[in-house]
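Chemist: Build the full structure now, drawing on both the sequences and the hints.
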Amino acid sequence: MLIKLTHEEPLPEMFPGQFVEVSMEGVDGVLLRRPISINFVDRTNNELWLMVAMVGKGTRYLGQVQVGDVVNCVLPLGNSFTMPNKSSERLLLVGGGVGVAPLLYMGAEMKRLGVEPTFLLGARSKGDLLELDLFSHYGRVCITTEDGTEGEKGFVTNHSILKKETFDRIVTCGPKPMMMAVARYASQANVECEASLENMMACGLGACLCCVEKTVKGNLCVCKDGPVFNVKQLLWQI
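In the working numbering, the protein residues as written are 5 to 242.
The hints are simulated quantities; they were obtained by calculation from the structure and are not laboratory data.
All values derive from a computational prediction rather than experimental measurement.
Worth double-checking, as some hints may not be accurate.
[Unchecked claim] Under the rule of at most 27 Å between Cα atoms (straight-line distance), these lysine-lysine pairs were calculated in the BS3-like manner:
no., residue 1, residue 2
1, Lys180, Lys221
2, Lys8, Lys61
3, Lys236, Lys180
4, Lys236, Lys90
5, Lys218, Lys236
6, Lys90, Lys168
7, Lys180, Lys130
8, Lys157, Lys180
9, Lys61, Lys180
10, Lys115, Lys90
11, Lys218, Lys228
12, Lys157, Lys168
13, Lys167, Lys236
14, Lys8, Lys228
15, Lys167, Lys90
16, Lys8, Lys115
17, Lys130, Lys168
18, Lys130, Lys8
19, Lys180, Lys167
20, Lys228, Lys61
21, Lys168, Lys115
22, Lys228, Lys180
23, Lys168, Lys236
24, Lys180, Lys168
25, Lys115, Lys167
26, Lys180, Lys218
27, Lys130, Lys167
28, Lys221, Lys236
29, Lys167, Lys157
30, Lys130, Lys157
Modeler: This is how it looks when you write it as structure tokens:
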């Protein structure tokens, strides 16, 4: 579900890859905030877009907000994706499921800088693909579905574009097994790769330590030191 939030004051500067922590005030038995990726920032309408997957009690409540409701958010949090430093840089943005959310804002900011990305988006089925019309505004869109109902059949790492073309850098967000497969491909192709991790984050400030990830630099908090990491920093068995 897409939620668009606004405020009477101009929204603060936000970068692709950052996230917000949303309070679940009024939901019985739900005490902790929920981390939601920044899907898009519409400066013209002063709107922050959040793509919410309603998978639990808290997010189901958030999916029921109505026009005029107040949503308590802490934002922006975390670091961001590395933006291209030259217009000729070829970036592949790989997302799966609701993990495609931060890639839309990344693509929009890249297009603003004069760089057109290639999106490689995967889902279980055609009905699970999100915001395809919006992604197509900012770059070329390649699709895979596990059942073959849209695009090429299989996982994102099976798409033919990975055999036909080369890229300077890869950015990925989605289920961990997918990101690990993308990281494996990037390592074999000798391509730099950044992954946005989706560890459970309760505070968003590095205080509760529930989102710790093992890295070459020791245990780091995904909310404070991430959520974006170069995959070479991560102790993934790829």
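Chemist: If a hint holds in the structure, say so; if it doesn't, say that too.
Modeler: We went through each hint and held it up to the structure:
no. : hint              : in the structure
1   : Lys180 <-> Lys221 : holds (20 Å)
2   : Lys8 <-> Lys61    : holds (20 Å)
3   : Lys236 <-> Lys180 : holds (15 Å)
4   : Lys236 <-> Lys90  : holds (23 Å)
5   : Lys218 <-> Lys236 : holds (12 Å)
6   : Lys90 <-> Lys168  : holds (23 Å)
7   : Lys180 <-> Lys130 : holds (21 Å)
8   : Lys157 <-> Lys180 : holds (20 Å)
9   : Lys61 <-> Lys180  : holds (22 Å)
10  : Lys115 <-> Lys90  : holds (12 Å)
11  : Lys218 <-> Lys228 : holds (14 Å)
12  : Lys157 <-> Lys168 : holds (17 Å)
13  : Lys167 <-> Lys236 : holds (22 Å)
14  : Lys8 <-> Lys228   : holds (25 Å)
15  : Lys167 <-> Lys90  : holds (24 Å)
16  : Lys8 <-> Lys115   : holds (22 Å)
17  : Lys130 <-> Lys168 : holds (24 Å)
18  : Lys130 <-> Lys8   : holds (24 Å)
19  : Lys180 <-> Lys167 : holds (22 Å)
20  : Lys228 <-> Lys61  : holds (25 Å)
21  : Lys168 <-> Lys115 : holds (23 Å)
22  : Lys228 <-> Lys180 : holds (19 Å)
23  : Lys168 <-> Lys236 : holds (25 Å)
24  : Lys180 <-> Lys168 : holds (25 Å)
25  : Lys115 <-> Lys167 : holds (25 Å)
26  : Lys180 <-> Lys218 : holds (14 Å)
27  : Lys130 <-> Lys167 : holds (23 Å)
28  : Lys221 <-> Lys236 : holds (11 Å)
29  : Lys167 <-> Lys157 : holds (15 Å)
30  : Lys130 <-> Lys157 : holds (11 Å)
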